[in-house]
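> Listed below are the residues making up each chain.
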Amino acid sequence: MTNTQWDEGQPIVSIKNVRKSYGDLEVLKGVSFDVQKGEVICIIGPSGSGKSTLIRCINALADIQGGSIQVEGQEVHDDALDKLELRKKVGMVFQQYNLFPHKTALQNIMMAPVKVLKQPKAEVEKRALALLKKVRMQGKENSYPGELSGGQQQRVAIARSLAMQPDVMLFDEVTAALDPETVNEVLVTIKDLAADGMTCILVTHEMGFAREVADHIYFTDNGVIVEHGPPATFFDNAQDDRTKAFLGQIL
Amino acid sequence: MSVLQKHGSLIPQNTDLPVLKAVKTRPMDDLSLSRWIAQMPLWVIFTFSAVILLWPGLASAQTAYSLEKVWGILLKWMPLLVFKGFVLNIVISFFTMLIGTVAGVFLGLGQVSQIYPVRFMSWIIVQVFRNSPWLVLLFIVMLSFPFEISLGDTHITVPGWFKAVIGLALPVMANIAEIVRGAIRSVPTGQWEAAESLAFSRSQMMWQIILPQCIKRMIPPWMNWYAIMTMATPLVSLLGVSELVTLSRQAMEAEGNNPSLLVPFYGFALVIFFAYCYPIARLTLLLEKRFAVKL
Numbered sequence: 001m002t003n004t005q006w007d008e009g010q011p012i013v014s015i016k017n018v019r020k021s022y023g024d025l026e027v028l029k030g031v032s033f034d035v036q037k038g039e040v041i042c043i044i045g046p047s048g049s050g051k052s053t054l055i056r057c058i059n060a061l062a063d064i065q066g067g068s069i070q071v072e073g074q075e076v077h078d079d080a081l082d083k084l085e086l087r088k089k090v091g092m093v094f095q096q097y098n099l100f101p102h103k104t105a106l107q108n109i110m111m112a113p114v115k116v117l118k119q120p121k122a123e124v125e126k127r128a129l130a131l132l133k134k135v136r137m138q139g140k141e142n143s144y145p146g147e148l149s150g151g152q153q154q155r156v157a158i159a160r161s162l163a164m165q166p167d168v169m170l171f172d173e174v175t176a177a178l179d180p181e182t183v184n185e186v187l188v189t190i191k192d193l194a195a196d197g198m199t200c201i202l203v204t205h206e207m208g209f210a211r212e213v214a215d216h217i218y219f220t221d222n223g224v225i226v227e228h229g230p231p232a233t234f235f236d237n238a239q240d241d242r243t244k245a246f247l248g249q250i251l
Numbered sequence: 001m002s003v004l005q006k007h008g009s010l011i012p013q014n015t016d017l018p019v020l021k022a023v024k025t026r027p028m029d030d031l032s033l034s035r036w037i038a039q040m041p042l043w044v045i046f047t048f049s050a051v052i053l054l055w056p057g058l059a060s061a062q063t064a065y066s067l068e069k070v071w072g073i074l075l076k077w078m079p080l081l082v083f084k085g086f087v088l089n090i091v092i093s094f095f096t097m098l099i100g101t102v103a104g105v106f107l108g109l110g111q112v113s114q115i116y117p118v119r120f121m122s123w124i125i126v127q128v129f130r131n132s133p134w135l136v137l138l139f140i141v142m143l144s145f146p147f148e149i150s151l152g153d154t155h156i157t158v159p160g161w162f163k164a165v166i167g168l169a170l171p172v173m174a175n176i177a178e179i180v181r182g183a184i185r186s187v188p189t190g191q192w193e194a195a196e197s198l199a200f201s202r203s204q205m206m207w208q209i210i211l212p213q214c215i216k217r218m219i220p221p222w223m224n225w226y227a228i229m230t231m232a233t234p235l236v237s238l239l240g241v242s243e244l245v246t247l248s249r250q251a252m253e254a255e256g257n258n259p260s261l262l263v264p265f266y267g268f269a270l271v272i273f274f275a276y277c278y279p280i281a282r283l284t285l286l287l288e289k290r291f292a293v294k295l
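Heads up: the sequence lines are chains A and B, in that order.
Start counting the first sequence at 1; every next residue gets the next number (UniProt numbering).
Start counting the second sequence at 1; every next residue gets the next number (UniProt numbering).
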């Protein structure tokens, strides 16, 4: 493991020339970027451009056919990789929340730290309650996912992921399945996280949010990064025609 | 309610135009037996009993066996038939289900294993035992299993009914394995991914996240298989296990083998099996309705 060589000055996630295909269909055609610790990165682009696939490769939910992905200096695209160790460092939140329906909100949050990290239950419970408060869900600890709205479920899902105390958080279109009026409560939660210095990689369609929260925006189309830059430059001064067309449709 | 029915009222009801109506198909069903039994109205059981009891009077009025006499004979044997015979059928069905379920769960897990040889072997086992005639399996087990198992100095006699349990448990196991496999496959991929992204190992994922979600879905088809298997327990009478049908035959022999006893005795066996399985079938359908996955 190359873990030891990594220090906090280097990129926490380093993606180099990543290629990925499903059969004959190549969805990522050489994507590269670095994420520094504490940075918030937004990946935007039309649907089918490989955004979700890209972040699923970062925690090895999907494998890649070429290039390299390193998390804290450790190669993800490696057969010898301990996937479980990687996933303890990288949290992920999904579009469809994917809470465990047979467990309450509190149990959902406590499950992984207790069962996977083998941390003492009392300590985890304290942390879980604090996290519920942080995502503004106090009082809902004994509710089952089926009793919560989409926005509430998504906030519990964020707390569940945070309970593992990850170094990097991946957000895969987390507001795409929500009602418009509940989108904001989830975005506020993510904003709080970013303000706390959590490294976040987001795939999103919320341009206003991306502009406000991101340190850097990447625009992908057809499996490549077309254009990137800090939000101010990216949104107000886009160079590439495809970016302009996309932003013209969205904004 | 289907989407079509819901929106049906939006479509003008009176039209001269030809209308293509939705094709109604029954989905593939794993509860066919329960559905068939449960749909019978309760009076069927009473009517059926009445016909059986009146049969000697209708069919053999000329013989020496009057209606009263046949009833008397049946009544005399009834305690033995129920408490020695049918109770053994139930005991066999319980043990069969117990062994079949435990083995079936592991075989079902084997079928979704990530290790190819395990998956392949499980598949073979399931296919063999699902598609073999039950009676053949029973004969093989009954005749090939030893009467006695010796562990050092202790000798354990294996009773015939327990060998029958093993023989019946094999096809039950294979069918339970299919239920388990289907239920596991029906858990949305999002659940697997969420568990994976939280660093759960494969076995933790299976036992703590996937299987608990499957239990509700598995109960109705599992009960359906219990009913099917219980009704198949008289098969073991062919192998000399003294359950309900064996005892009925012996009772009739003791009474002189008169043909007018056939319908009352075997009819009684039918009624008692039906009476046992009917509530199970009703409960199965009730649970199926309650646990129906809302999409």
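Hints should not be assumed to be uniformly reliable.
As the list claims (entries may be wrong) - In silico DMTMM-like pairs for lysine to aspartate or glutamate, Cα to Cα no more than 25 Å straight-line:
#, chain 1, residue 1, chain 2, residue 2
1, A, K134, A, E181
2, B, K76, B, E255
3, A, K88, B, E193
4, A, K121, B, E178
5, A, K89, B, E193
6, A, K89, A, E173
7, A, K118, B, E255
8, A, K37, B, E196
9, A, K29, A, D192
10, B, K289, A, E147
11, B, K216, B, E178
12, A, K103, B, E288
13, A, K103, B, D16
14, A, K126, A, E85
15, A, K115, B, E193
16, A, K103, B, E255
17, A, K83, A, D7
18, A, K115, A, D34
19, B, K216, A, E147
20, A, K83, B, E288
21, A, K244, A, E173
22, A, K88, A, D196
23, A, K140, A, E123
24, B, K216, A, E141
25, A, K133, A, D196
26, A, K89, B, E196
27, A, K103, A, D179
28, A, K103, A, E141
29, A, K83, B, E253
30, A, K118, B, E178
31, A, K115, B, E178
32, A, K133, A, D192
33, A, K88, A, E173
34, A, K191, A, E141
35, A, K89, A, E147
36, A, K88, B, E196
37, B, K76, B, E253
Honestly, the hints are just simulated from the structure, not real lab data.
It should be emphasised that the depicted structure is a prediction, and the values quoted were computed from it without experimental measurement.
> Would you mind marking each hint as holding or not holding in the structure?
Evaluated hints:
Of the supplied pair hints, the one linking K134 of chain A and E181 of chain A holds, its CA atoms being roughly 20 Å apart against a limit of 25 Å. Of the pairs offered as hints, the one joining K76 of chain B and E255 of chain B holds, with about 11 Å between alpha carbons and a cut-off of 25 Å not exceeded. For the suggested pair K88 of chain A and E193 of chain B, the alpha carbons sit about 14 Å apart, so the restraint of at most 25 Å is met. A hinted pair counts as satisfied when its Cα atoms are at most 25 Å apart, and K121 of chain A with E178 of chain B does not qualify at roughly 37 Å.
Restraint check for K89 of chain A and E193 of chain B: satisfied, since their Cα atoms lie roughly 16 Å apart, inside the 25 Å limit. Using a Cα cut-off of 25 Å, the hinted pair K89 of chain A and E173 of chain A holds, with the two alpha carbons roughly 20 Å apart. The suggested pairing of K118 of chain A with E255 of chain B is violated, with an alpha-carbon distance near 70 Å, which exceeds 25 Å. Straight-line distance between C-alpha atoms of K37 of chain A and E196 of chain B comes to about 24 Å, which keeps the hinted pair within the 25 Å bound.
A C-alpha spacing of about 34 Å is found between K29 of chain A and D192 of chain A, which places the hinted pair above 25 Å, so the restraint is violated. With a C-alpha separation of about 20 Å, the suggested pair K289 of chain B and E147 of chain A falls inside the 25 Å cut-off, and the hint holds. Between K216 of chain B and E178 of chain B the CA atoms are separated by roughly 15 Å; this keeps the pair inside 25 Å, and the hint holds. With a CA separation close to 22 Å, the supplied pair K103 of chain A and E288 of chain B stays within the 25 Å bound.
Restraint check: the Cα-Cα separation between K103 of chain A and D16 of chain B comes to about 54 Å, which exceeds 25 Å; the hinted pair is violated. Of the pairs offered as hints, the one joining K126 of chain A and E85 of chain A holds, with about 24 Å between alpha carbons and a cut-off of 25 Å not exceeded. At most 25 Å may separate the alpha-carbon atoms for a hinted pair to count; K115 of chain A and E193 of chain B meet this at roughly 17 Å. For the given pair, K103 of chain A sits about 62 Å from E255 of chain B by alpha-carbon distance, which is inconsistent with the 25 Å threshold.
Pair hint K83 of chain A plus D7 of chain A holds up; C-alpha atoms about 21 Å apart against a cutoff of 25 Å. A C-alpha spacing of about 32 Å is found between K115 of chain A and D34 of chain A, which places the hinted pair above 25 Å, so the restraint is violated. For the hint linking K216 of chain B to E147 of chain A, the alpha-carbon distance of about 18 Å falls within 25 Å, and the restraint holds. Distance check on the hinted pair: K83 of chain A and E288 of chain B sit about 39 Å apart at the alpha-carbon level, beyond 25 Å; violated.
In summary, the hint linking K244 of chain A to E173 of chain A is supported, as the alpha carbons are separated by about 22 Å, within the 25 Å threshold. Pair hint K88 of chain A plus D196 of chain A holds up; C-alpha atoms about 19 Å apart against a cutoff of 25 Å. This hinted pair checks out: K140 of chain A and E123 of chain A have alpha carbons roughly 19 Å apart, not beyond 25 Å. Only pairs whose Cα atoms come within 25 Å are accepted, and K216 of chain B paired with E141 of chain A is accepted, the gap being roughly 24 Å.
For the given pair, K133 of chain A sits about 15 Å from D196 of chain A by alpha-carbon distance, which is consistent with the 25 Å threshold. For the suggested pair K89 of chain A and E196 of chain B, the alpha carbons sit about 13 Å apart, so the restraint of at most 25 Å is met. Proposed proximity of K103 of chain A and D179 of chain A is supported: the alpha carbons are some 24 Å apart, at most 25 Å. With a C-alpha separation of about 10 Å, the suggested pair K103 of chain A and E141 of chain A falls inside the 25 Å cut-off, and the hint holds.
Restraint check for K83 of chain A and E253 of chain B: the C-alpha separation of about 70 Å exceeds 25 Å, so the hint is violated. The straight-line distance between the Cα atoms of K118 of chain A and E178 of chain B is roughly 34 Å, outside the 25 Å bound, and the hint therefore fails. Only pairs whose Cα atoms come within 25 Å are accepted, and K115 of chain A paired with E178 of chain B is rejected, the gap being roughly 29 Å. A threshold of 25 Å between alpha carbons decides the hint, and for K133 of chain A with D192 of chain A the separation of about 12 Å falls inside it, so the pair holds.
Pair hint K88 of chain A plus E173 of chain A holds up; C-alpha atoms about 21 Å apart against a cutoff of 25 Å. Among the hinted pairs, K191 of chain A with E141 of chain A is consistent with the structure: their alpha-carbon atoms are about 22 Å apart, no more than 25 Å. Under the criterion of a C-alpha separation no larger than 25 Å, the hint pairing K89 of chain A with E147 of chain A is inconsistent with the structure, at around 30 Å. Only pairs whose Cα atoms come within 25 Å are accepted, and K88 of chain A paired with E196 of chain B is accepted, the gap being roughly 10 Å.
Only pairs whose Cα atoms come within 25 Å are accepted, and K76 of chain B paired with E253 of chain B is accepted, the gap being roughly 14 Å.
Hints 4, 7, 9, 13, 16, 18, 20, 29, 30, 31, 35, counting from the list given before, are not met by this structure.
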